[in-house]
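Chains A and B supply the protein sequences, listed in that same order.
Each number in this note's numbering comes from the position in the first sequence (counting from 1) with 6 added on.
Each number in this note's numbering comes from the position in the second sequence (counting from 1) with 13 added on.
Please note that the accuracy of each hint is not assured.
Said to hold, decoys possible - Capping the alpha-carbon separation at 20 Å, the derived lysine to aspartate or glutamate pairs in EDC-like fashion look like this:
| hint | chain 1 | residue 1 | chain 2 | residue 2 |
| --- | --- | --- | --- | --- |
| 1 | B | LYS49 | B | ASP274 |
| 2 | B | LYS254 | B | GLU303 |
| 3 | B | LYS90 | B | ASP231 |
| 4 | B | LYS90 | A | ASP38 |
| 5 | B | LYS76 | B | GLU419 |
| 6 | B | LYS143 | B | GLU38 |
| 7 | A | LYS235 | B | ASP203 |
| 8 | A | LYS235 | B | GLU38 |
| 9 | B | LYS90 | A | GLU26 |
| 10 | A | LYS235 | B | ASP362 |
| 11 | A | LYS235 | B | ASP274 |
What the hints assert, rightly or not - Here are some of the chain B residues that sit facing chain A, going by a computed Cβ distance under 8 Å:
| hint | residue |
| --- | --- |
| 12 | ILE202 |
| 13 | ASP203 |
| 14 | ALA356 |
Claimed, not checked - Pair ranges (Cβ atoms, derived):
| hint | chain 1 | residue 1 | chain 2 | residue 2 | range |
| --- | --- | --- | --- | --- | --- |
| 15 | B | GLY178 | A | SER220 | 55 to 63 Å |
| 16 | B | ASN159 | A | ALA210 | 28 to 36 Å |
| 17 | A | PRO39 | B | ARG209 | 32 to 40 Å |
| 18 | A | GLU26 | B | GLY215 | 25 to 33 Å |
| 19 | B | ARG26 | A | ASP168 | 42 to 50 Å |
| 20 | B | TYR41 | A | GLU26 | 49 to 57 Å |
Since the hints were derived computationally from the structure, they do not count as laboratory data.
Since the structure is predicted, the reported quantities are computational estimates derived from the model, not experimental observations.
We treat Cβ as the ideally placed atom computed from N, Cα and C, and that holds for glycine.
So you can see what is in the structure, the chains are spelled out below.
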Amino acid sequence: MAVAATGVEVVDLASTPLRELNQRLHDVAGDDPAIRSWRVLNPNGMHAVACGIDAPVEVEIAGHVGYYCAGMNQRATVRVRGNAGTGVAENMMSGTVVVGGNASQAAGATGRGGMLVVHGDAAARCGISMKGVDVVVRGSIGHMSAFMAQRGCLVVCGDAGDALGDSIYEAHLYVRGAVAGLGADCVEKELRENHVAELTALLARAGFDDVDASEFRRYGSARELYNFKVDNAGAY
Amino acid sequence: MEPGLRESFLYDRTIIAEIQRAAREGIYDIRGFGAKRRLPHFDDLLLLGASVSRYPLEGYREKCATDVVLGTRFARKPLELKIPITIAGMSFGALSAPAKEALGRAATELGTATTTGDGGMTEEERQSSKTLVYQLLPSRYGMNPNDLRRADAIEIVVGQGAKPGGGGMLLGHKISDRVAAMRDLPQGIDQRSASRHPDWTGPDDLEIKIMELREITDWEKPVFVKVGATRTYYDVQLAVKAGADAIVVDGMQGGTAATQDVFIEHAGIPTLAATRLAVDALQELDMHREVQLIVSGGIRTGADVAKALALGADAVSIGTGVVIAMGDNSPELDEAYRELGSAAGYYDDWHAGLDPAGISTQDDRLAARLDPAVAARRVANYLRVLTLEAQTLARACGKSHVHNLEPEDLVALTVEAAAMARVPLAGTDWIPGLRG
Chain A
7 MAVAATGVEV VDLASTPLRE LNQRLHDVAG DDPAIRSWRV LNPNGMHAVA
57 CGIDAPVEVE IAGHVGYYCA GMNQRATVRV RGNAGTGVAE NMMSGTVVVG
107 GNASQAAGAT GRGGMLVVHG DAAARCGISM KGVDVVVRGS IGHMSAFMAQ
157 RGCLVVCGDA GDALGDSIYE AHLYVRGAVA GLGADCVEKE LRENHVAELT
207 ALLARAGFDD VDASEFRRYG SARELYNFKV DNAGAY
Chain B
14 MEPGLRESFL YDRTIIAEIQ RAAREGIYDI RGFGAKRRLP HFDDLLLLGA
64 SVSRYPLEGY REKCATDVVL GTRFARKPLE LKIPITIAGM SFGALSAPAK
114 EALGRAATEL GTATTTGDGG MTEEERQSSK TLVYQLLPSR YGMNPNDLRR
164 ADAIEIVVGQ GAKPGGGGML LGHKISDRVA AMRDLPQGID QRSASRHPDW
214 TGPDDLEIKI MELREITDWE KPVFVKVGAT RTYYDVQLAV KAGADAIVVD
264 GMQGGTAATQ DVFIEHAGIP TLAATRLAVD ALQELDMHRE VQLIVSGGIR
314 TGADVAKALA LGADAVSIGT GVVIAMGDNS PELDEAYREL GSAAGYYDDW
364 HAGLDPAGIS TQDDRLAARL DPAVAARRVA NYLRVLTLEA QTLARACGKS
414 HVHNLEPEDL VALTVEAAAM ARVPLAGTDW IPGLRG
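Could you build all of it, start to finish, from the sequences and the hints given here?
Structure (structure tokens):
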């Protein structure tokens, strides 16, 4: 470990145990920490890197990570310069998580706040059970994405796989490309001005200024299955 | 009943009523409580008190310890409990806030733990509970890292005895503004939770999930894995492999606030059978007592506690029993139950939110009927009685600690119980399936 001349704390996971990295990130206290910038080397697909942070720090991870990177993140900005395994930013509460490459399954699962940005594609179950997080994917997403999505926005600049938004509640889904199929109770809805404004702001926050919000289609809940009626049994 | 009238065994009045109800309503029956059918249970076992061959402890004088430590395998701060009886996970939502508070107070008074549920941790619950187990369920309603850090243990719920393989359910009339806000759901919807965890799918993933939870909480908290009793032997072994500190096995008699009746009565295996399988699995891995086993599902009396411990459990957990202890199904409320089409002793509409006892409701007017201090006193009394009963039986078997009870102290009353618990049929040395 070393503090470089740039003021960046460098932690090399080839020589430092993951436990030590995460403990040091957890020990960062207050709204004005002494060390704000961290750089993590040689993650080599390790799981649970930089999970459970609750501080306004910036963490750059130089390489691919395994499962649950930046899990339950609060306030931190975590950037993965590579691909991320299953459940990146799962249950994140606030802050920003950016994946430079592709994300595996369940990216942003159950997230309750903040923003997850994926520059590549995201696999199946992207935004599953999301509860307020905003997820913006530059590429495409896999099947069963936004399953039981409750709140927040899922923005997909590419295509979406089958059963998008199955059993969706009040999350907003925006897809620019093709949707292979919609899940139960998910329908296409009119893209009105307020939605274009919301989408424009999300794309800007994600740093995708070159994407035109008006090219997207909006999907959401038909709210037909909110209350369990026998006449709807066939929808499941 | 007129002489000559004969009720069908196959189509008895309960079945006839259910067929008529199904034809009328067109939807499966949803209810609370647990399995009502007769199942092999701890009642089918007996303890062998000491005599000439064994020496008893003085029943009213000699010490019989009851303490237990849960989470000794990896956690830096295991749970140290004074009694081996914990309060099972029940959600705020399923139960009213005063009921959750009462359970916390009672558990604290007795030096044991209580557990959150599918809906997150309430402030009342945290404040009233010295030792609180925080559940991580497939829905992740209310899940947040701050509550993880202020919990005393984490319980990953894979399944529940009343509905192994099924997700939670909370019908619209119990989704109050507060419940809806905690779960990020629209008010008044019929909430049907997922049955699979959103970010892991098998034992290898579970191992990584447990590791993540440990990292987030700096390896302080014990991590329990709760399974509904089905393929218990394999589930327990896989949970051990995944890194659990303790395993909760919930038999099919386990209660629920809202589940389909067909699920409650027809899925899973009895607690008795599951206990034996879980102990077998732990012993096979040489992990018995290192990974603690908590058994739940129909634990009602101190005899049930003693027998579960004798079979090898480290602790038991109780849901339905403490709900009844708080005042559910009280004869004093018989008239109110009858107005709801039920009666004291039969009431199981815990899903409906109309509970006159103020326990399984989110109606503030009804919930106000439950005084948390009074309800806590009742639950504490109940837990004391269970402990005293278990100690009484343990002393009679010559044990200075309830954990010294062992399968050799048990015999079975029925062939089924003998086969499931793998103890001999009373008066014989016959264990079906083991020795011919």
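Against the structure, the hints:
no.	hint	verdict
1	B:LYS49 <-> B:ASP274	10 Å, holds
2	B:LYS254 <-> B:GLU303	13 Å, holds
3	B:LYS90 <-> B:ASP231	11 Å, holds
4	B:LYS90 <-> A:ASP38	30 Å, violated
5	B:LYS76 <-> B:GLU419	18 Å, holds
6	B:LYS143 <-> B:GLU38	45 Å, violated
7	A:LYS235 <-> B:ASP203	10 Å, holds
8	A:LYS235 <-> B:GLU38	10 Å, holds
9	B:LYS90 <-> A:GLU26	19 Å, holds
10	A:LYS235 <-> B:ASP362	18 Å, holds
11	A:LYS235 <-> B:ASP274	17 Å, holds
12	ILE202	4 Å, holds
13	ASP203	4 Å, holds
14	ALA356	27 Å, violated
15	B:GLY178 <-> A:SER220: 55 to 63 Å	45 Å, violated
16	B:ASN159 <-> A:ALA210: 28 to 36 Å	30 Å, holds
17	A:PRO39 <-> B:ARG209: 32 to 40 Å	38 Å, holds
18	A:GLU26 <-> B:GLY215: 25 to 33 Å	29 Å, holds
19	B:ARG26 <-> A:ASP168: 42 to 50 Å	47 Å, holds
20	B:TYR41 <-> A:GLU26: 49 to 57 Å	53 Å, holds
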